[in-house]
Amino acid sequence: MSRESLQTKTARLKKIIIALDRAYPEAHCELNHADPLQLLIATILSAQCTDKRVNIVTTELFKKYRSAADYANASLAELEQAIKSTGFFRNKAKNIQACCRKLVKRHAGKVPRTMEELTQLDGVGRKTANVVLGNAFGINVGVVVDTHIARLSQRLRLTSQKLPEKIEPELMALVPQKQWTLFSHWLIWHGRRRCAARKPDCEGCEIKKLCPSAGKVK
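Note that the sequence shown covers residues 72 to 289 in this note's numbering.
Just so you know, the hints here were simulated from the structure itself, not pulled from any lab data. All figures in this text were calculated on a predicted structure; none of them were measured in a lab. Glycine included, each C-beta is placed from N, C-alpha and C at the ideal position. Be a bit skeptical, because a hint or two may be false.
[To be verified] With a straight-line Cα cutoff of 20 Å, these simulated EDC-like cross-link-like pairs (lysine to aspartate or glutamate) come out:
1. Lys249 <-> Asp272
2. Lys85 <-> Asp106
3. Lys134 <-> Asp122
4. Lys287 <-> Asp272
5. Lys181 <-> Asp106
6. Lys249 <-> Asp92
[Unchecked claim] Computed spacing ranges between beta-carbons, pair by pair:
7. Pro96 <-> Glu274: 21 to 31 Å
8. Asp272 <-> Glu188: 39 to 49 Å
9. Lys135 <-> Glu274: 38 to 48 Å
10. Lys134 <-> Glu274: 39 to 49 Å
All chains should be built: construct the whole structure from the sequences, respecting the hints.
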């Protein structure tokens, strides 16, 4: 079977983007937040946890901790208890507190707007930084690659890579930069609503005619 040319793949992707935009015109980050700090904290908590659970936890968390200084000066035991149901709570609480102490010390308590500065914070990798930059500041530095995006980009044959750090540059080369953040939302929404890991709804899929894997995933 011959490999799809870059030109053909790019043309197919344009059609995929049009279809996903039509299917999910309201696509957005589903982590509830009112400011960059809240989004940063919520994204750290979302590691190996559902957005729904994170939103339940942050409803009370954000009432108690309103600034980076609040987290920096918090009782670690109390912070652990507050986020316990998100899983891996001890490591997350440790990272959140260390992250916020650096925010206070280096950035006057404000969330920085560059990939380099964000990834120097505890608990913040490239994926988290992309979420914050794209959704809190409207800055498209990269493409978020979570489990949904990795799965769908492989099923759509946009990449053959398995690792997020290798998937991201391939998607960046295909997707127009101004759409990097939105593209992530579209794939996440489609992954949650249609293209599940097991038994995807290929029959009802809005992009089945553009997907090489349609009807082939059990």
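For each hint, the structure was consulted:
| no. | hint | result |
| --- | --- | --- |
| 1 | Lys249 <-> Asp272 | violated (29 Å) |
| 2 | Lys85 <-> Asp106 | violated (32 Å) |
| 3 | Lys134 <-> Asp122 | holds (18 Å) |
| 4 | Lys287 <-> Asp272 | holds (11 Å) |
| 5 | Lys181 <-> Asp106 | holds (10 Å) |
| 6 | Lys249 <-> Asp92 | holds (14 Å) |
| 7 | Pro96 <-> Glu274: 21 to 31 Å | holds (22 Å) |
| 8 | Asp272 <-> Glu188: 39 to 49 Å | holds (41 Å) |
| 9 | Lys135 <-> Glu274: 38 to 48 Å | holds (46 Å) |
| 10 | Lys134 <-> Glu274: 39 to 49 Å | holds (44 Å) |
Consistency note: the structure conflicts with the earlier hints numbered 1, 2.
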